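Peer 1: Hey, can you work out the whole structure from these sequences and the hints?
Protein sequences, first through last, are from chains A and B. Each residue of the first sequence is one higher than the one before, starting from 1 at the first, in UniProt numbering. Each residue of the second sequence is one higher than the one before, starting from 1 at the first, in UniProt numbering.
Don't read these hints as lab results, they were simulated from the structure. Note that the structure is predicted; figures quoted are calculated from it, not measured. Built from N, CA and C at the ideal position, the CB exists for glycine as well. Hints may contain errors.
Distance ranges between label pairs, derived from CB positions [as the list claims (entries may be wrong)]: (1) B:108 <-> A:17: 45 to 55 Å; (2) B:116 <-> A:104: 40 to 50 Å; (3) A:65 <-> B:52: 13 to 23 Å; (4) A:88 <-> B:123: 20 to 30 Å; (5) A:73 <-> B:28: 41 to 51 Å; (6) B:112 <-> A:60: 42 to 52 Å; (7) A:5 <-> B:126: 30 to 40 Å; (8) B:63 <-> A:118: 16 to 26 Å; (9) A:92 <-> B:62: 37 to 47 Å; (10) B:63 <-> A:51: 24 to 34 Å; (11) B:52 <-> A:89: 38 to 48 Å; (12) A:60 <-> B:71: 22 to 32 Å; (13) B:26 <-> A:15: 15 to 25 Å; (14) B:126 <-> A:89: 21 to 31 Å.
Letter by letter, the chains look like this.
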Amino acid sequence: MAAQPLIKSKQKEEIINGISTQVVCTEFSNYIFVVLTQYGKMGTLISVTPDSRTTDISTPMFTTKVLLGKDEALTHVCAKQLATFVSQEAGNRPVLLGLALKDSSIEGIKAMKDMIKSCQVW
Amino acid sequence: MNNVVCGNSDQVAAGDAISVHDFSEKILEQVIHFHVMKMKGGFFLWVGASPHLSNLAVAMSSKYDSMPLSTLVLGDPSDTAPNSLAQRLAKKTKKQVFVSYNLPSTEANLTLLVENRIKKEMELFPDKF
Chain A
1 MAAQPLIKSK QKEEIINGIS TQVVCTEFSN YIFVVLTQYG KMGTLISVTP
51 DSRTTDISTP MFTTKVLLGK DEALTHVCAK QLATFVSQEA GNRPVLLGLA
101 LKDSSIEGIK AMKDMIKSCQ VW
Chain B
1 MNNVVCGNSD QVAAGDAISV HDFSEKILEQ VIHFHVMKMK GGFFLWVGAS
51 PHLSNLAVAM SSKYDSMPLS TLVLGDPSDT APNSLAQRLA KKTKKQVFVS
101 YNLPSTEANL TLLVENRIKK EMELFPDKF
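Peer 2: Take a look at the structure:
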């Protein structure tokens with residue numbers, strides 16, 4: 001028990017636009033797991049995977065897939081906005097994202113992105 | 001599949017923060033690590049010997065069946081170990097349970113010892129699950 005935990009994780013809680021928002025980032029060797037929630041629960045589970053076939057232009061493409069929950073267009077947009085940079089910074093590792101948002105405004109998403117950045121485990 | 005955000009979720013108190021709990025145990029000559037993330041109404045549990053996430057199962061109780069419903073959202077569907085562990089933990093805790101089980105499921109003995117170790121931790125630290 002005294003040994004260092006094998007799994008590295010960081011968490012943060014902030015008020016964004018008046019809503020209590022929590023982030024937990026967990027590092028696995030093949031995934032970065034990010035929980036971003038304003039409901040205190042896991043919410044919709046999305047995988048954000050970098051496409052293996054990159055074009056000549058160095059703009060990688062990402063595939064978002066809703067693994068559990070309501071498959072809405074906005075979910076994919078938010079997931080890409082929030083998780084793309086994580087994948088890129090983590091050596092193109094896929095990101096597993098648990099998303100439960102009350103506020104999906106651009107300003108809100110920007111603030112959440114900063115929160116994820118401050119919980120860097122990769 | 002339905003949206004998992006349900007119930008009267010508008011009334012989230014600022015106090016119920018997600019808690020993270022790690023423990024490990026030497027079982028059958030190898031160190032097994034456990035990582036628990038407690039959320040509102042449920043928890044995420046990862047079990048493994050190396051920091052790999054190879055599957056993810058979700059289970060929750062239903063009023064129509066005494067056995068909780070379970071589904072695999074990530075990984076190889078032929079490996080039933082994550083599903084059955086999630087299902088049994090959901091039955092025990094009455095919560096929504098996410099399980100990632102990253103050990104060889106062929107070793108039934110190991111699976112049993114791992115499950116017992118989890119249940120022991122639940123008794124020792126009920127507030128962590």
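Peer 1: All hints are to be evaluated individually against the structure, with a verdict given for each.
Peer 2: Consistency of the hints with the structure:
{"no.": "1", "hint": "B:108 <-> A:17: 45 to 55 Å", "result": "50 Å, holds"}
{"no.": "2", "hint": "B:116 <-> A:104: 40 to 50 Å", "result": "43 Å, holds"}
{"no.": "3", "hint": "A:65 <-> B:52: 13 to 23 Å", "result": "20 Å, holds"}
{"no.": "4", "hint": "A:88 <-> B:123: 20 to 30 Å", "result": "43 Å, violated"}
{"no.": "5", "hint": "A:73 <-> B:28: 41 to 51 Å", "result": "48 Å, holds"}
{"no.": "6", "hint": "B:112 <-> A:60: 42 to 52 Å", "result": "44 Å, holds"}
{"no.": "7", "hint": "A:5 <-> B:126: 30 to 40 Å", "result": "20 Å, violated"}
{"no.": "8", "hint": "B:63 <-> A:118: 16 to 26 Å", "result": "41 Å, violated"}
{"no.": "9", "hint": "A:92 <-> B:62: 37 to 47 Å", "result": "39 Å, holds"}
{"no.": "10", "hint": "B:63 <-> A:51: 24 to 34 Å", "result": "42 Å, violated"}
{"no.": "11", "hint": "B:52 <-> A:89: 38 to 48 Å", "result": "20 Å, violated"}
{"no.": "12", "hint": "A:60 <-> B:71: 22 to 32 Å", "result": "30 Å, holds"}
{"no.": "13", "hint": "B:26 <-> A:15: 15 to 25 Å", "result": "43 Å, violated"}
{"no.": "14", "hint": "B:126 <-> A:89: 21 to 31 Å", "result": "37 Å, violated"}
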